[in-house]
Amino acid sequence: MKQKVIVIGGGIIGTSIAYYLSKNEVDVTLFESKDIAAGSSGSCDRAIMIQSKKPGPTLDLALKSAEMYKTLELELEEDLEYRKGGGMILIENEFELEVIQEMVERQNQAGLDVSIISGEDAREKVPLLSKSIIASTWWSEDAEINPMGTAFAFARAAQKRNAKMELNYIVQGFLIENGRVVGVKANNENFYADGVVVCTGVWTKSLLQSINIDVPIVPRKGEILVTERLPKVIDCNILSGSYIASKLQKGNDNPYGIGLAIGQTKSGTLLIGGSREFVGFDSSTNSTVIREIAKRAVQAFPFLKNVNLIRTFSGLRPFTPDNLPILGEIPSVEGLFIAAGHEGDGIALAPITGKLMAEIICGQNTDFDMEPFSIQRFANMKI
Amino acid sequence: MSDIIICRCEGVRLHEILASIEDGANSVQGIKKRCRVGMGYCQGRTCQPVIREVLINKLGSNPIDRTSKIQSPIRPVLLRDL
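One line per chain: the protein sequences are F and W, in this order. Take the first sequence: its letter number 166 is residue 890 in the numbering used here, and every next letter is one higher. Take the second sequence: its letter number 43 is residue 56 in the numbering used here, and every next letter is one higher.
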């Protein structure tokens, strides 16, 4: 008989896992409380930016994932708006140059051939860039993708392999017998399976609390601006040096965690981020933050002052205290797995997360050290 | 009929909206995320009522009436004027 697995959560992580499980001949049912990509995966930007990731386990995962993205459109037989246009981190002053130089050295040691180019060379690649930019990094391997489109494509590809997508199903709890998960309760009905995998991002903590498993995932809000459609003006992923600083920052001198991240969608709109705030599940947009992001964007791209903002949105990113996702089996309950807590790396890491989790759930050997991602690392932590 | 344009800003036609519902969309947001309806310059101000009607028509008195979230700005604004 086929192995039966329930996936909880229809974001890009859940749909990716559902797809790779269905590829492994597993009988998959995915439960989603609303709709595919209705949460964080549908309220983020489109960057698969690798050069900004810290060397270590996340970067290793991201590199494998980036390789998978190159052929994913072919594999899923859909247009995912994938484009490997490269990426740059803008440098505005000598201080940033120093910080970024150190970062680039670390990336080079980790095997990424990121380079620092002059302001003139940066403007050659992106002509509308401000003259005030003194230099930038450049890495040709950074790419972009439509995150919602990718989640839908994973879901459809899984359905083609007979996975079931149960939308509007709210999982209320787990069915546990003798320390082993045997299914879930959803919409007041019991569903049985050999294994259950929890891919509920920022909502993971409350779901697993029902069986006394503490998961230190906290929502971190990010706000994004959308402009009117423009002709192709930006052909790569762009971050500001201050974005890198805010990513790592814990102090109070940048309370909204603002740093510029900008890219252009296939339709021509610009997505301009971003911010990083711990404000619980409040997903409203804040005019102070929006104004501040707009100011940074106009500084880097003066032409933007004459461009219309048509929308703002925010998304909740699943933050973990050590900035690594939680991937693998939950040791205290047999048959229960977790794949959550990717924060802003969920899109970049989706394909490799799906593949590795499918291997783990099917009891296969993974060719990757999963130890750094184990939930056990938090066992002794005061949460 | 299935070729009439519902969302002028993004050039989305009725058959794309029907296909999105077929694909599992059960809300304005769900349709929007699948085919870009209402994502353009007017942010669904014209087409959202039509989409809601199509949803009610297709899914009946479905309790899910999630409409597109109201977000600032309420009308397009130049970035320099923010």
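These aren't lab readings, by the way, just hints derived from the structure by calculation. Think of the CB as a built atom: it goes at the ideal place given N, C-alpha and C, for glycine as much as any other residue. Hints may contain errors.
Here are the simulated distance ranges between beta carbons [what the hints assert, rightly or not]:
#1 W/Cys55 to F/Gly809: 28 to 34 angstroms
#2 F/Gly809 to W/Ala32: 39 to 45 angstroms
#3 F/Asn902 to W/Glu66: 50 to 56 angstroms
Computed list of lysine-lysine pairs in DSBU-like fashion (alpha-carbon distance at most 35 angstroms, straight line) [as the list claims (entries may be wrong)]:
#4 F/Lys758 to W/Lys71
#5 W/Lys82 to F/Lys956
#6 W/Lys71 to F/Lys1029
#7 W/Lys82 to F/Lys909
#8 F/Lys909 to W/Lys71
#9 W/Lys82 to F/Lys990
#10 W/Lys82 to F/Lys1019
#11 W/Lys82 to F/Lys726
#12 W/Lys71 to F/Lys855
#13 F/Lys888 to W/Lys71
#14 F/Lys849 to W/Lys71
#15 W/Lys82 to F/Lys808
#16 W/Lys71 to F/Lys747
#17 F/Lys728 to W/Lys71
Consistency of the hints with the structure:
The supplied range of 28 to 34 angstroms is met by W/Cys55 and F/Gly809, whose beta-carbon atoms lie about 29 angstroms from each other. Taken as a hint, the range 39 to 45 angstroms is violated for the pair F/Gly809 and W/Ala32, whose Cβ atoms sit roughly 29 angstroms apart. In this structure the hint that F/Asn902 and W/Glu66 lie 50 to 56 angstroms apart at CB holds, the actual value being about 52 angstroms. Restraint check for F/Lys758 and W/Lys71: satisfied, since their Cα atoms lie roughly 18 angstroms apart, inside the 35 angstroms limit.
The suggested pairing of W/Lys82 with F/Lys956 holds, with an alpha-carbon distance near 28 angstroms, which does not exceed 35 angstroms. Taking the CA atoms of W/Lys71 and F/Lys1029, the gap is near 43 angstroms; set against the 35 angstroms cutoff, the hint is violated. Straight-line distance between C-alpha atoms of W/Lys82 and F/Lys909 comes to about 30 angstroms, which keeps the hinted pair within the 35 angstroms bound. For a cut-off of 35 angstroms, the pair hint linking F/Lys909 to W/Lys71 stands: about 28 angstroms separates their Cα positions.
Straight-line distance between C-alpha atoms of W/Lys82 and F/Lys990 comes to about 23 angstroms, which keeps the hinted pair within the 35 angstroms bound. Between W/Lys82 and F/Lys1019, the direct Cα distance comes to roughly 25 angstroms. Compliance with the 35 angstroms bound is thereby established for this hinted pair. With a C-alpha separation of about 42 angstroms, the suggested pair W/Lys82 and F/Lys726 falls outside the 35 angstroms cut-off, and the hint is violated. A threshold of 35 angstroms between alpha carbons decides the hint, and for W/Lys71 with F/Lys855 the separation of about 54 angstroms lies outside it, so the pair is violated.
The straight-line distance between the Cα atoms of F/Lys888 and W/Lys71 is roughly 21 angstroms, inside the 35 angstroms bound, and the hint therefore holds. Simply put, F/Lys849 and W/Lys71 have alpha-carbon atoms about 48 angstroms apart, too far for the 35 angstroms limit, and the pair is violated. This hinted pair checks out: W/Lys82 and F/Lys808 have alpha carbons roughly 32 angstroms apart, not beyond 35 angstroms. Under the criterion of a C-alpha separation no larger than 35 angstroms, the hint pairing W/Lys71 with F/Lys747 is consistent with the structure, at around 32 angstroms.
Note on F/Lys728 and W/Lys71: the hinted pairing holds, with a Cα-Cα distance of about 32 angstroms set against a maximum of 35 angstroms.
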